Structure formats: structure tokens, C-alpha cells
Amino acid sequence: MQPIVTANHISKRFGKVTALDDASVSVNRGEIFGLIGPDGAGKTTLFRILATLSLADAGEASVAGFDVVRDYREIRRRIGYMPGRFSLYTDLSVEENLQFFATVFNTTVEENYHQIRDIYVQLEPFRHRRAGALSGGMKQKLALCCALIHKPEILFLDEPTTGVDPVSRKEFWQMLRHLREEGITIVVSTPFMDEARRCDRIAFINDGHILDTDVPEAVLLRHKDILCPPGLQHAATGNDSDNIITVDNLVKRFGSFTAVDHISFTVRRGEIFGFLGANGAGKTTAMRILSGLSLPSEGHAEVMGYDVTTQSEEIKRRIGYMSQRFSLYEDLKVWENVRLFAGIYGVPEKEIAPRTEEMLREIGLYDRRDTLVRNLPLGWKQRLAFSVAIFHRPQLVFLDEPTGGVDPATRRQFWELIYRAAERGITVFVTTHYMDEAEYCDRISMMVDGRIRALDSPERLKARFQAKDMDEVFLRLAREATRQSD
Amino acid sequence: MTLRYLIEKEFRQIMRNSFLPRLIFIFPCFIMLIVPWAATLEIEDLRIAVIDNDRSPKSRRLTHRIENSAYFQLTRLPDSYDDGLDAIERDRADILLEIPRGFEKHLVKGEEAPVLVAVNTVNGTKGMIGSSYLSQILTPQGEDVSIRYRFNPHLDYKVFMVPALMTMLLVMLCGFLPALNIVSEKEIGTIEQINVTPVSRFTFILGKLLPYWLMGFIVLNICIGIARFAYGLWPVGNLLTIYLSTMIFTLVVSGLGLIISNYSATMQQAMFVMWFFILIFILLSGLFTPISSMPQWAQYITYINPLRYFMEITRMVYLKGSGIADILPQLGVMSGFAATAYTLAILSYCKQQ
Amino acid sequence: MKQFLAFVRKEFLHILRDRRTILILIGMPIVQIILFGFAISTEVKDVKTVVVTHSPDADTRYVIDRIDAGEYFTVTHVVHDIREADRLFRRNEADLAVVLPDNFQRHRTEAAGIQIVADATDPNLAIMRTMYVNNVLASARMELQKTLAQPAAAAPQGHVRIEAKLLYNPQMRSAYNFVPGVMGLILMLICAIMTSVSIVREKETGTMELLLVSPIRPMLVIVSKVVPYFTLSILNLTTILLLSVFVLDVPVAGNLMALVGVSLLYILVSLSLGLLISTLTTTQVAAMLASGLVLMIPTIVISGLIFPIESMPWPLQAFSCIIPARWYIEIVRRLMIEGVPFAYVWKEALVLVAMAVLLIGIATRKFKNRLD
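Residue numbers (this note's numbering), protein chains in the order written: chain V, 1 to 486; chain D, 487 to 839; chain R, 840 to 1211.
Hints in this document: simulated from the structure, not taken from any laboratory. Any given hint could turn out to be false.
[What the hints assert, rightly or not] One side only, chain D facing chain R, incomplete, derived with CB under 10 Å:
#1 L509
#2 F516
#3 D531
#4 I574
#5 L582
#6 H592
#7 A599
#8 V603
#9 A604
#10 T625
#11 F662
#12 S670
#13 S750
#14 L765
#15 E798
#16 R801
Being a predicted model, the structure only gives us computed values, none of them experimental. The beta carbon of each residue, even a glycine, is placed where N, CA and C say it ideally should be.
Bound conformation, chain V alone:
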């Protein structure tokens, strides 16, 4: 078969860092080709070179028969590209964004609506809302719609589903299959292994080298230590009688929209509590109320015996928090970040230095303590952010999608840290879109349309829904959603 995308011996350096080293791939016309690899492996650089945005230092590449250097205009007429980070206009509304991109690609929303309908129906109720006011996953869905609104010959998608809930990811992949049937070639990178399995072929890329290209099962098998690490074992923790969080009929409204709709639940001291739900189901909103960042509209919640409405500063003193957006100071060094937050939480000056050293050695960052956080790979940033969040030894830590966008091995390392924290008696309250991670929790709650639909241990939930894994449980519950989520 005739390859439509070829890259021969591509190398690219940024200063001292080698992003790509002698990388070669070829993609056949009409296939879904996956790029799998850890963060910082060089996937985005490869995408940019193929999309004619970046020039390679060495090697050559062609797309649809045109050279990426000489004939970049021809290529740009034929491709669709969705960059890795969210890049839509936050001050334009959902509808305006979509229309803009349709016009840019010389088509109309009406003409290609069928291609995006399955995902766009969820966005439709909010089509007049500004893109910047959407929740993280919803923004990603809008970006997907904007990338799929036209019918290019080749579609480049750089981690399109990061932060997207499992149901929508399934819908998204169905859309990709439709597009493939219409003859469109798709090159996609993903940190999800279930998505990798849906590709026709995948390339495994690490440290700038393409290590393997083959059908998914073969690649996953050969590199299972990184791509399919064995699951974690963990003895259930948690004290039945002692509740650290008590939520009673909590409501949060934004104007006429009810994000959190009378939820009630308790979290036990010492357990790992998974807080699951589709994008925009209200998870982040609820979490922000519990951590004192936001005030509830109605209802009552207590964290460690303190009222979230009146005693939020008392709560903040005793919790750790790691947000969806990575939020350490990128222009400070590793140890400087640790010192700053330790100082803010009142860790005694004398203890900060020895404890920092101990902590950094534990997560393997001691040798890079003088590195600017900006220059760390995402996986390490996440581990550092978590360790900083529990540095002052809080009783409770909130983690909001802590492992977005990294490969399975790195996520596993992160969960080892969570388990270690749990063993020390720290209660962990975590949201995630990875269903394998849901299985690692002691108890999980499922939020749908601002309400809690189920709350139990993973085993019992699976039994109740007669499902083989959490993925299925999630699908069953989330499909009940009546509200077109936010």
C-alpha cells in the first residue's frame, strides 16, 4: 500500500535537548495510526514537523506526496491538526468557535454536522457560553469538534482525549472510525491503552527514538513494562466509624445552572475515595467547595469537623490540594517550590531542609533539586506537586485529575505514591477519568448531572451492575445522563 505520510531519519534538537533522534515512520493511506509514548518522548515535535509548523534539523518528511519544507502550502490545504494543549478562543462562544473553524476550512457547520453530532449534542445547550467558561473536559470536546468539522485528507490529533471522560472517548473513537471509512487517514497520539488498541498500527516512541512500529497488540506486548504495567495491590484502608468529610444536601448554582444538585455523602478517615463522573458532572465544583475555594449556594458540608462556609481557613490549614492544572511555580527550582509551600503551611524552618531532602530522595528527584520546574517532564511534575501537597502532613489531600496526559507506567508510579500516603493515614480524595485508577480506590462515587448516583467499593459496584470492569459500570451510569452535561 502507498504510504501517505513518511518521515525519514528526522532529528530535532532544542538547545541541549534532543527531541527527536533519527526517527522514521510511514503511515498508510486510510489507516488510523497511533503514536504511543511517555510524555516528552517527542510526539508533539513529530506532529509539528509533519504539520509543517516546525522544521527538522535533519531528515526529510512528506505528507500526501508533498515535501514538508518546500510545499508546505499544499500540505496545509490537505490536513487537519489539533494541537496538544487547548487552543481555542476562550473569549468566543462555543458556537462562534465552531463556525469560525468551519469557515477557515472553507466549509460550513451544516455541511459536516453529522461528523461531530455525537459529541456536539453535549455542547449544544451551552453553545452561547464562552469557551473559557467551560469545564476542562468540555473544552477538549469543543476542540475535537473544531478539528473534525472539516474533511481533510489527513488528520493529525495530538492527545485529543486527555481529560475527557470514558463515555465521550468511546464516542470520539466511533467518530474516528466513521472518518476512516470515508477514506481519511488519521494520525493520533494517546496516553490511553484502550485507545491504542483501537488503532490499526501504532508506533512506540521513547526519548526521541521510534522503538517499534506494528499492530497494537504486538507493540503493547513487547513493551508491556512501560505500556501495560501490572496492576497495583493495596489493602483496603479506612475507618468505618470515623468520617473526615460529611456532605449534606450541598448545592452550587451558577446563575440558572445547577452544577451541584443536593449531594450528600461521607468520606471515611484514611480511605482512598474516588470521585468519578462525566465531564461537567460537577466533580471539580464540589471539590472546590470542600477545599474552601468556593462557597456553596445551599446545604452543609463539614471537613474535619469544620464548616466549609464559615471555617474555610481552618480547613485550608489542614488539607493538601493538587489541581487539574499543574500549579507549582514553573520559574522556581524544585527545592524552592517545596520550601515556599512548606513555609506557607508553617512547617518549622529547621525541619524544611532535611524533610525536603528526604522527600526528594523518595520520589527520585534529589539529583534534580536545582532544576527549574518548567524543565521537568510532566510525570515528574505531577509527582512533585503531589509530594508538595502532602509535605505539611495534612490529614486529607484533594487531587483533581492528577495524572492527566501521562503514560501507564508513570501513572502507576504516581499511584504508588498515593498508596504510600494512604499507609501513613492520609485520606485521599481523588478525581480521575482513568477507569483502571478507579479500581485502585477503596470506595468510589459516581456523579451524574450534579448528583451522586452510586457510591460503593469497586467490587460491589461491579457486582451490582454485573460488569466485568469499572469501564462498564461508568458507561451504564453515565448513559443515564439526562442533562447534556456542561
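Given chain V, work out where chains D and R should sit, using these hints.
Coordinates of chains D and R only, in the frame set by chain V:
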């Protein structure tokens, strides 16, 4: 002492920024070394065209007197008034003197001898001073009146501008940088991580304010050094008085910057709002033009302009040698502003939505 | 074409969504025109004057009344000691001191030895104030001499009488001087800063990636970004002209078409400057500071907006030649205020044309079709 860690952090960020440390040093040097030379309203070498219709010894002597004066530069001798006007329109002359026929005759007879002076007054100051100079040459009077120029005997415009430029620099640097600070943490997202910590609003704002306070101090010292070595200017009054008032003043502008930062959603917004304020501050401070010349409504506005007071203090202490007792009213008002700005900065910073 | 319009529409939406910025962009010219037009003036008015005298006789009182009479001077203090006047200077409670000699009344017919002491921190003001007060004193003393029973028997002496004619700005309003400058400043601010920031913002937020890979020619993307700011500048230009004609009474003395034509040319220069800055910077802060410091300060200080260029030392005069605002302000001052025909300023206009061609050339050349 949470404050210490916050200040440490701000300093590290400022120092690590590739641009800011350079800005803090280079910008004052640039402004202090270049602008005083440009920012001069000194009127000299006015270009004059003389139309001598009399062509008599007396009229020629008058022309000579003008030519020899330090203020004028005789550029041409047109034949007619229209030619002279044309010279002004072509921007080859600023002022026109027409000596009519019979000039000498009138004078000899002891009568009034009229002459016509036409001045380009698009620039009012220039026109006014030019015509006054000319009338002094034409009709010398008041010889028994002696004039003494106090505090700036050589009428050097740089003496007037240099202390004012210091205050302008402090407004710009200590105003803009804090205005961009909090809003940039908002844009990056780190503010969220701070909001979920137990750090109090008071401490957080103070931690943001103090680094700029110190920066203002550094900038001031650079300026004082340049003023001394490039222009030979040293405060006639006490240097400590200047330090004291600078401390209070930087708190006011940095506080204002932080308030704007708190209310802005994007850096662009913060920047434009700050621009707006700084422009009004500078124009209504008496930096370029005296407050007493403003209409009453504008004079009322200057009462709420912190720069007005600081400008007054700087010039008073620098040039007139005023002591702390002389500037107490201004210091008092500025302290009031500082307290208000800081309080508002704390109140406008919300840790919760 | 449809794509281009979609781009333009998007840019307009960006601007309209940011209420605060647009309010400032539209409000700034109004505030500036009003401030410059009314508040910024160097006229001599309400000068706080101290009279130092030892002999409060009738003549002294007459002179004090005369000084106090007009709107120029306000006698705030009458003191006996020059040191007291100095103390008032230091407290900013006096701008000018008139020191009358002892036994002033006796000096009616002879040289009196009056001393004028001016606070010369602002040299120009000091000169103007002393000239004014000198005139007041001279006429007051002339009156005093006339009231003498025996007029001084001096021989009639011929003297020159000046008929002054104030061209273009007979009321000596500072607005005449500043309106052209404000036009130069505002247009530069909006075109250069806004354009550069809005382009760099797309780089920073990552949307530039999307636009670059779209089938549209990148240059078209840039041109579409310029359109709204162009419109905004025209709007501001109109506001400024209307305000200056109807509120400040500064008429457009020359050819309006020529004025508009030159303004469009200047807008083009400013836009291409903004474009150039956007190709050289990667972050919004850098773009803002670059345009704010590298562009705005010279535009305010070395363009003739406030400070006349001919008073500057020659290196700065030479430097001012590369500042577009210098040429524009000069043209507008002469076209609009002096009302000279366009033929008198074609050379300055040609400089602007050359700048536009050069800047557009460099900006297109520097414009990157790729990310790195």
C-alpha cells in the same frame, strides 16, 4: 513567618525573569540620561524674520540689536509682509517683525513709532516668551527693577525636569509591575494553589508589595546617583526626607497596581487600565505644567492625585531645601493614600468565589 | 473572501468582548483631549505673590492692589522680611516675591530699586511671571507718576509702540499645540500596541498553531487582524477631530482631505510597526513592554508632542527623525492648525511613505510561516 517565604519567592521570580532585572536598571538610566536633554522647554534661538521697510540707520540699528541678542537668530530679511508670512508657513521663521516706512522719522519727532510683530503661537509658551523677549529689545523699560531667579539661577530646564523624572520613573515601574503581577498568576493558574493554602490576604498582599517597595528604593538610588554625576544635582534639603517620602509613595502606587491587578482578568486589561491612571496622574501632577494654571475642576482632581504630592515634595526638597516640617501636609495626605491603597488591595483580593 | 470575513468578524468579537479594554481605548482619546485641551496650560494665572515691604504707605498699598487686581496674581502674604518670603517659597506657599524698597513713596520720580524674586524651579514660568509682574509694576508706577501735581518735566521722547499679531492661535490656547500630538500618540498606541499584543496573544495561547496550518495564507490572517484596529483608529481619529472642533474650538484650518489622507498613512506606519514587534516577540508581556517602552516613550518625549524638537541637542534631533510621530505631528500641526496647503508638507509626508514601505517590507520578511 509566612511572609518571609512569600517575599523570597517574589524575589526569586523577579531575579529569574530574563527581562525584569535589566528593566529595573536600564530603564532608569535611559530615562535619566536621555530624557532631560529632550524634555526641555527652553526657548532659545527663535528664528526671526525682519521686514525693514524704513531702511534707515535707526531701523538698521534695531535689526542689529536683534541679531546680537542671545534669544534670536535672524534667518531672513523678506521684502514684504506676505513673504514673511510665507516663511512662517514654510516653517522657516517663528516670529516676524515689520518696521514700517517712516519709523525713524516718528522717533526723531518724539512720536510713537508703531511696529508690527507677528508670532506663530501654535505653541503658546514659545510664542509668548518670544514676543516678550522681542518687546524687551524694542521697548526697554523697568531698568531699575532687578530680577532674581531663586533656586535655579541659571534657568536650567534640566534642574526642573530631573527631580520630576525620578517621580515619573517610580510611578511607572512601581505601578506597572505590580499591576501585571497578580493577574499573571491568575493567567498561569498558580493563584489557585495559593488560595487553597491558609495564607492570609494581609500576608499575601504584603508579600507582593514589599519587593516592589524595595525595587522603588533601588530605582530611587540609581536616579539620585545619575542626578549627582550627570547633572551635578544633589538635594538641597535632607536626603532622608526624600527616602521617607519615597517609601510612602511607592506603597501608594504599588497598592494601586495590585488593586488593578485584582480586578483584571487579563494582563492586557491590567496594562491598559494602569496606563490610563498613570497618564492622568502625570498630566495632572504639575510635572509639565503648573497646577495653578489649570481650571478649577482640574485643580480639584489633583487633590486626589498622589503623584501631585510626591512631585511637590521631591522638587521642594531637591531644589528648595524644604525641611520635613515644610512638607508635613503632603506627607500626611500621602500616608492616608498609602493606608487606603493597601486596605483596598487586601479587600479586593478574594480567596473564595 | 468568506474566510477573510470570518477572520475579521472574529477579531471584532475579541475586541468587543473585552469591555474594559474597549472602554479605555475609546475613552482614552476623550480624556486626553480634554486634559490636554483644558487642564494642561502654561498660562500665567493666580500666581501666589508675596510683597515684602517695610513701609505700608499709600503708594505701597496702591501697588499691592494693582498686583492683586488682575487674574494673573494673587497677593497671598505681605511680609516685612525677605527671609519670611524665602520660608514661604520652601513651603510652596509663594511663587513670586516683590520686594519694595523702604520709603517706597519717596521714590516716585526716581529709580526705586524694586526687586522681583521668582521661584525659578520652572524656568519658563519664572520668566513669564516676572515679565508679567514687571509690566504690572511699570504701569502702576506710571499711574503714580501721573497723579503727581507736577508732571515730570521730561522732554517728549519717541518710543516704539508694538502692534502684536498672534498668528494661528490668538488666544494662546495650549490645545492648539497639543491636539496634533494627542492624535499622533493615540493612533500609535492603538495601532502598534494593540496589533502586536493581539498577534502575540495567539502565539501564546497556541491558536497561532491552528491558524498557521489552516489553508489560508498566513499573511491574510495578519491582515485580518489589522482591520479592526484600523477601524478603531478611524473611530478615534473622528472622535478627536470632532472633540477638538466642537469642544475645544480648535478648527481644522487646512484641507480636511489632506489631513485624513496623511492620518491614514500614519495609521499604516503604526500598524506595520505593531506587526514588526509581533514578529520579534513571543510573549504578551514582552510585546507590551517593547511597544510601551521602545515606542511610547520616544513618541511622547522626542516627537515634539510636548517638547519642541528644535530645543534638543543635535543627537536627539537626529534620532527624532526615525520616529514616525515626529513627522506626523509636524504635518498635522501645520495642515490642521496653521492651515498651510499640502504642498508645503509633502516632504514630511514622503518620509512617512518611505517608513511605511520599509516597515511593511521588513515585517513581511520577518513574518514566520512556522512556529520556530
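Status of the hints after comparison with the structure:
{"no.": "1", "hint": "L509", "in the structure": "holds (7 Å)"}
{"no.": "2", "hint": "F516", "in the structure": "holds (8 Å)"}
{"no.": "3", "hint": "D531", "in the structure": "holds (7 Å)"}
{"no.": "4", "hint": "I574", "in the structure": "holds (7 Å)"}
{"no.": "5", "hint": "L582", "in the structure": "holds (8 Å)"}
{"no.": "6", "hint": "H592", "in the structure": "holds (6 Å)"}
{"no.": "7", "hint": "A599", "in the structure": "holds (5 Å)"}
{"no.": "8", "hint": "V603", "in the structure": "holds (5 Å)"}
{"no.": "9", "hint": "A604", "in the structure": "holds (4 Å)"}
{"no.": "10", "hint": "T625", "in the structure": "holds (5 Å)"}
{"no.": "11", "hint": "F662", "in the structure": "holds (8 Å)"}
{"no.": "12", "hint": "S670", "in the structure": "holds (7 Å)"}
{"no.": "13", "hint": "S750", "in the structure": "holds (7 Å)"}
{"no.": "14", "hint": "L765", "in the structure": "holds (7 Å)"}
{"no.": "15", "hint": "E798", "in the structure": "holds (6 Å)"}
{"no.": "16", "hint": "R801", "in the structure": "holds (6 Å)"}
Going down the numbered hints, you'll see the structure goes against none, and every one checks out.
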